[in-house]
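> In case you want the letters, here they are:
2 protein chains.
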Amino acid sequence: ALPSTSDSRLARQLGFILEIDKLKSVLRRSRLADDSRAENDAEHSWHLAMMAVVLGEYADEEVDTGRVLRMLLVHDLVEIYAGDTFIYDQTAIAEQEAREKAAADRLFPLLPRDQAVQLRSLWEEFEARRTPDARFARALDRLQPLILNYVTGGGSWQTHGVRAQDVLAHQRVVSEGSLALWEYINQLVGDAVRRGYLAA
Amino acid sequence: ALPSTSDSRLARQLGFILEIDKLKSVLRRSRLADDSRAENDAEHSWHLAMMAVVLGEYADEEVDTGRVLRMLLVHDLVEIYAGDTFIYDQTAIAEQEAREKAAADRLFPLLPRDQAVQLRSLWEEFEARRTPDARFARALDRLQPLILNYVTGGGSWQTHGVRAQDVLAHQRVVSEGSLALWEYINQLVGDAVRRGYLAA
Ligand SMILES: [Ca+2]
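Protein chains in written order, with my numbering: chain A, 1 to 200; chain B, 1 to 200.
Next comes chain A alone, as it looks inside the complex (with noise of 0.2 Å):
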């Protein structure tokens, strides 16, 4: 644990700073590009903050960038009590919104209420995605990890049996973000298949 402080509300702070760190032993089924590991929650969260800062002119509804940005890198700390939930293992994804849920619940008050508050609306919008921001935001959650499964030769696709249908399905919600990167992925998908990196 970190000092003291006579600082309550810093100390509060700092506690959850330093408790968020496990996010980075997080792991998730995506690969790095180089196929030396799995990719962590946290360095995924940077790389989808990173293409918000790059991407955002393809959002089909104005985003405000800076919202965009904060909903990206909390929107998978729930993962570090929930752990990650693999998208095509049906059983765990039934289990799953009760299962962040209590995360949640376990994680944001550890903030002062008003940011605990704040975060986790964050988190929810991010969630339900009835917002632009919420769109744009899940369409880059969807793109990152196709992106590493291609050019990993197939990655997790191969490793658990997934479909170029099974794909096209799980990658619809891009559409309601941003029809060009919608574009982009079927175009990736349809090249995956013809590898022979994704079964048709």
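Worth flagging that the hints you see were computed from the coordinates, not collected in a lab.
Please note that the accuracy of each hint is not assured.
Which copy is meant is left open, so a pair is good if it fits within one copy or across any two.
Said to hold, decoys possible - The list that follows gives simulated cross-link-like pairs (lysine to aspartate or glutamate, EDC-like), each with its CA atoms no further than 20 Å apart:
| id | residue 1 | residue 2 |
| --- | --- | --- |
| 1 | Lys22 | Asp34 |
| 2 | Lys101 | Glu19 |
| 3 | Lys22 | Asp84 |
| 4 | Lys101 | Asp89 |
| 5 | Lys22 | Asp35 |
| 6 | Lys101 | Glu125 |
| 7 | Lys101 | Glu124 |
| 8 | Lys101 | Asp114 |
Here the structure is a predicted model, which means the values were calculated and not measured.
Knowing the structure of chain A, use the given hints to seat chain B with the ligand on it.
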């Protein structure tokens, strides 16, 4: 490489997104809070961005959090080619500026020209520390490894024979961005000496 697309602007942007995946393999001297392994630059950048979200109220000057976030997300990108420079290695520090400039010349032009200029200028602003946003971003970049060193019982301080006066001299730039965080750092360093994590 990714499949080519008829939109060459998008192709360049995605090429950049793929290239910066390498930041996840640039290792730092700091270890994770649970002491399990060395931290990498991508997850470090995410952690700093979360600190900007949570600790923004301690900036002494008015800052634009969205700009601070973008600056922190890009601030270590040049280390993809230039490597991480240990802050207490005087020889490496002397050569660092030239190496990082060469790295920037190589990395940012992967982007379309308008974005290359924008991101490079954010990186240069961070390095120059002449704006409120840069001074606050730099303060967070100093505080974060201090926290990791403390909770790992000395971490890279012990390995490299660093003393309290070296740490405080290096941390002094924090006082340019946030006196509240600078005060906390003094307390933390004093406590680290008392506990034997850091030589007096
Ligand atoms: Ca840094």
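> Have a look at Lys101 and Glu19 and pick one of within, between, both or neither, based on CA distance no larger than 20 Å.
within (18 Å within a copy, 35 Å between copies)
> Is it within, between, both or neither when you check Lys22 against Asp35 at 20 Å Cα-Cα?
between (23 Å within a copy, 11 Å between copies)
> When Cα atoms must be at most 20 Å apart, do Lys101 and Glu124 count as within-copy, between-copy, both, or neither?
Answer is within: at 10 Å inside a copy they meet the 20 Å cutoff, but 41 Å across does not.
> My question is about Lys101 and Asp114: at a cut-off of 20 Å on alpha-carbon distance, are they close within one copy, between copies, both, or neither?
within (19 Å within a copy, 41 Å between copies)
> Is it within a copy, between copies, both, or neither that the alpha carbon of Lys22 lies no farther than 20 Å from that of Asp34?
Between copies only: 8 Å across, 24 Å inside.
> Between the shortest in-copy and the shortest cross-copy C-alpha distance, which are at most 20 Å for Lys22 and Asp84: within, between, both, or neither?
Classified as within: same-chain Cα gap 13 Å, cross-chain 22 Å, threshold 20 Å.
> Using 20 Å as the alpha-carbon threshold, which applies to Lys101 and Glu125: within, between, both, or neither?
within (13 Å within a copy, 40 Å between copies)
> Between copies, within a copy, both or neither: which fits Lys101 and Asp89 at Cα up to 20 Å?
within (19 Å within a copy, 46 Å between copies)
When each numbered hint is compared with the structure, no violation occurs for any of them.
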